[in-house]
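Visitor: Sequence:
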Amino acid sequence: MKRLFLSLLACLMFACLAEAQRTHDTIYLKNGSILYGQIIEELPDTQVKIRLRDGSLLICPYSDLERIEYSTGRASFYEEPRTPYLNWHLDAGYLFGPSERQHIGAFVSYGARFSRALFLGLGSGFLRDMAESADLVIPIYGHLRAYLPVRGPIKPFVDLRPGYGFTLVNRFSGFYGSAVVGLDLWRFTCGVGVSTVRNSSGGDLMLDREPIPYRATGFILRIGMTL
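Using the working numbering, you'd call the opening residue of the sequence shown number 1055 and step up by one each time.
Please keep in mind that the hints were generated in silico from the structure rather than gathered at the bench. Idealized CB from N, CA, C, for every residue including glycine. Certain hints may be false.
To be verified - Computed spacing ranges between beta-carbons, pair by pair:
#1 1229 x 1115: 52 to 62 Å
#2 1235 x 1152: 17 to 27 Å
#3 1142 x 1200: 17 to 27 Å
#4 1190 x 1103: 50 to 60 Å
#5 1269 x 1214: 12 to 22 Å
#6 1182 x 1141: 24 to 34 Å
#7 1085 x 1240: 32 to 42 Å
#8 1088 x 1266: 51 to 61 Å
Stated by the list, open to error - Below, in silico cross-link-like pairs of lysine-lysine (DSBU-like), each with a Cα-Cα straight-line distance of 35 Å or less:
#9 1084 x 1103
#10 1209 x 1084
#11 1103 x 1209
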């Protein structure tokens, strides 16, 4: 499971990098400057209008151009969605680290995208320790995602999820939280960060054995999508 998750994450990250290179036009100016973005208007022998990566527009006279390199995806420009709007966040995670407790999980959040820079919502899911004797944790959390407000299909973000986790069998509960930085590529996301969850293991009513609570804190890898 760990190798599969890491392989999927690596493939998604390579796709992000490839898409970032593929969807940007490049303009070389005679003064040595290089502009990266998307050409949105071109008047032959007159001027070129390009949207830069930071979202600003720049008009370049043809007399200032050395050459232009067009991206292979030039014909399909990205359209920014109107805000506010509601959407779902679906992702899978793998928690590992110093506590030597490895958890896998799936999460779903629902909320509102209030601007190009901010999503707020509520979410839940499950986390399962890969050890057979451990309990299943159901976290409930608030979901805040802050995007770098740039135009285009690729957006860096910071994802925060403070909440509370409940175990199904042994009835332990405690703080759950995560902080992740990542990339949003069209509707697909990948990220890495830190997370913590309270769980328990070793309980057995038939053997009159008390469960042992513990806290797993470490790194988390996530891949997912928005709908």
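Visitor: So, for every hint listed, does it hold in this structure?
Guide: A quick look at each hint next to the structure:
1. At about 59 Å, the beta-carbon gap between residue 1229 and residue 1115 stays in the expected band of 52 to 62 Å.
2. At about 20 Å, the beta-carbon gap between residue 1235 and residue 1152 stays in the expected band of 17 to 27 Å.
3. Checked against the given bound of 17 to 27 Å, the beta carbons of residue 1142 and residue 1200, roughly 18 Å apart, stay inside it.
4. Evaluation of the 50 to 60 Å hint for residue 1190 and residue 1103 yields a pass: the beta carbon distance comes to about 55 Å.
5. At roughly 19 Å, the beta-carbon separation of residue 1269 and residue 1214 lies within the given 12 to 22 Å, and the hint holds.
6. Roughly 26 Å separates the CB atoms of residue 1182 and residue 1141, a value that falls within the hinted 24 to 34 Å.
7. Checked against the hint of 32 to 42 Å, the C-beta distance between residue 1085 and residue 1240 comes to roughly 34 Å, which is consistent with it.
8. For residue 1088 paired with residue 1266, a C-beta distance near 59 Å keeps the hint of 51 to 61 Å intact.
9. Distance hint between residue 1084 and residue 1103 is fulfilled; the C-alpha atoms sit about 16 Å from each other, no more than 35 Å.
10. Using a Cα cut-off of 35 Å, the hinted pair residue 1209 and residue 1084 holds, with the two alpha carbons roughly 30 Å apart.
11. The suggested pairing of residue 1103 with residue 1209 holds, with an alpha-carbon distance near 22 Å, which does not exceed 35 Å.
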